[in-house]
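Enquirer: Chain residues, written in single-letter form:
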Amino acid sequence: MKTTRQWIATGAFALLPLAPLTALITAPAAQAAVAPEALVGPVADYKLYVLDNLEQLVSHTRDFTAAVQAGDVEKAQALYAPTRVYYERIEPIAELFADLDASIDAREDDYEKGVEDPDFTGFHRLEYALFHDDSTEGMEKYAQGLMDDVNDLDSRVQGLTFPPETVVGGAAALMEEVAATKVSGEEDRYSRTDLWDFQGNVDGAREIFELFKPLAAQEDAGFVERVQDNFDDVEETLADYRLEADDPSAGFESYDRVSDADRRALTGPVTVLAEDLSTLRGLLGLN
Amino acid sequence: MSQSASIAPPSPRTLRLGMAVSFLLMLIALGVFTLSLRAANPVGDDGQVIEVTASGCEPNRLEVPAGQRTFTVVNRSDRAIEWEIIDGVMVLAERENIAPGLRQPLTATLKAGDYVMTCGLLSNPRGTLHVVAGDSSAPASTLPATAFVGPLAEYQVYTTLQLRKLRTSAVDLRDAVAADDLDAARRAYREARRIDLHLAMPIGLYSDIDQRLNARADDFEQREADPAFVGFHRLAAGLFGHQGTAGLNPVAAQLVADVDTLAERLKHASIPPAQLAAGTSRVLEAWLDHHRDDSAIAGRDLADLVALTEGADKIVSLLSPLLEHRSPAVQQTLQANLKALQRDLPAAINSSTPSGVAAGALLQATGTLADSLAGINQTLTLEG
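As they're listed, the protein sequences go chains V and W. Be aware that the first sequence starts at 1, since it is given in our numbering, and climbs by one per residue. Be aware that the second sequence starts at 1001, since it is given in our numbering, and climbs by one per residue.
It is worth saying that the hints were derived from the structure and are not from the lab. Every clue listed holds true.
Straight-line Cα separation of at most 25 Å, SDA-like style, residue types lysine to any residue; simulated pairs:
#1 W:Lys-1165 x W:His-1268
#2 W:Lys-1267 x V:Pro-214
#3 W:Lys-1165 x V:Ser-59
Just so we're clear, the structure is a prediction, and the values are computed from it rather than from any experiment.
Input sequences plus hints: build the corresponding full structure.
Expert: If you want it as structure tokens, here you go:
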């Protein structure tokens, strides 16, 4: 069982409403070999990564929403996916702010009245207008709302002390997200830009893995090798669908063109990655 | 005289008796005096006494058991001194601005190992402090280490971002000095100095960099004329004292180089959790050490205190969630003390005239915040 001190430490960090319950009920990991102070640097570097991506998210969102407000459908369509990437990379942290996650990234299925629901806002509301209706009509307020929400997210994240459990657990959370909603193609059902999001989630998970890899390798070298191989497999499959092999910014083909065989081929390593990465917290003594 | 003549001289026997009685009384008085000292100062409160003379520490080598130890520093030189305990290049504890003839206590929690003591002038030989293991009553460093990963990481992010700004300002300062643009140089100085003091705690952990950035003229043998006197106070002496940029080119260039060295060090540093509060208390105390006797605080001294308080604010916000779970009362007191100082500061700035504002309330509020920060590690440990 946890000692009082561990309970307090857990509680202190837990941004309580969102802390995975496992943090509160799991016994301390058997391996406590990773010195807690060794985690400080990677957690700090991760926040710097998130801040960099947020800066990009803010500036890309500015261009994207400006295109919507200017009624430039074609430009807005082109900017939709490249803007979202930055949000998808930092989802483990962005998700901590439930209100903003809903207003920025919720899908129509999350609302009772679907696309007609007045609370349905953010990227996916704009996606519906841009790719389903081929129009920006009536979208000004949604564009402005998205810009405001992204700015709000930026200032909240800047002031946030990142909970180490959330950071380390974020790698698995991202891959679970891929397994749950990306492979199925439900995330970007109108734009068919799922592979952009897919890559964003993989980038975000890989960043966390790379930052903690030296520590994880001390505990379990086999784990590190396995995870690396699976990441490589996933990225290799993704690379097949890049529009230009040497230019990541060119993006991906429509998800409609991903063969069933490849969707299945992605499911395997993605699921294994999600499972493997879910042990990272315990491995680093953060349960 | 007639009066004295009327008094008969005492007999030799009475004299001997009188001497015996007065000797006895003296012994009793001495005993009572000693007892009263012990009552006021529990045994060992002085701890190790170190006398700092014009040429160094006496003794120059000390050995103490590990744990919480008190040192009493006596200034036997003819100028104000500082005394520090240094681990490698990191400052563990320090007292600044000890006036000639005065004694100041300092308490530090020490792990076994070899440390260096600074002894007055920077050019004086350093003393050695040997700490031996084996005292079980010891360190207050038993805080749960994982609890500090988040706050320490956030603090590392803060220092990284502040350092980027510091570098920009230092480069602006260097360029303005090179262009002999006094106004721009002063602006850049103020901005750089503000960030320098936001980071006073981590910078204070590196005695060599701290000296190059923040040492005062009085710390050097030839004071302002000393070639080793560089950093912010040297730049201020030129930009504000002599109202010009003359001779400041190498100093400003050195500042940029030192900021780069600092950034490199802090990138790989792990700040001990206990330093967050203790180190912040110390930098506030160091500011106080230089202003305790002032009747007014003005201009750049006031700006320094504002910047130090901004740095302390970050620390308080980082430690508050931990404190709140252990002792809401202590957390509230700390917050209240910070707010009290922050409330006094804008008032001080607004009413600031060239002659400054009355020092009393500011010194008291600063001292209260420093004390309250100094007590926090104990709270976290005791209630952990």
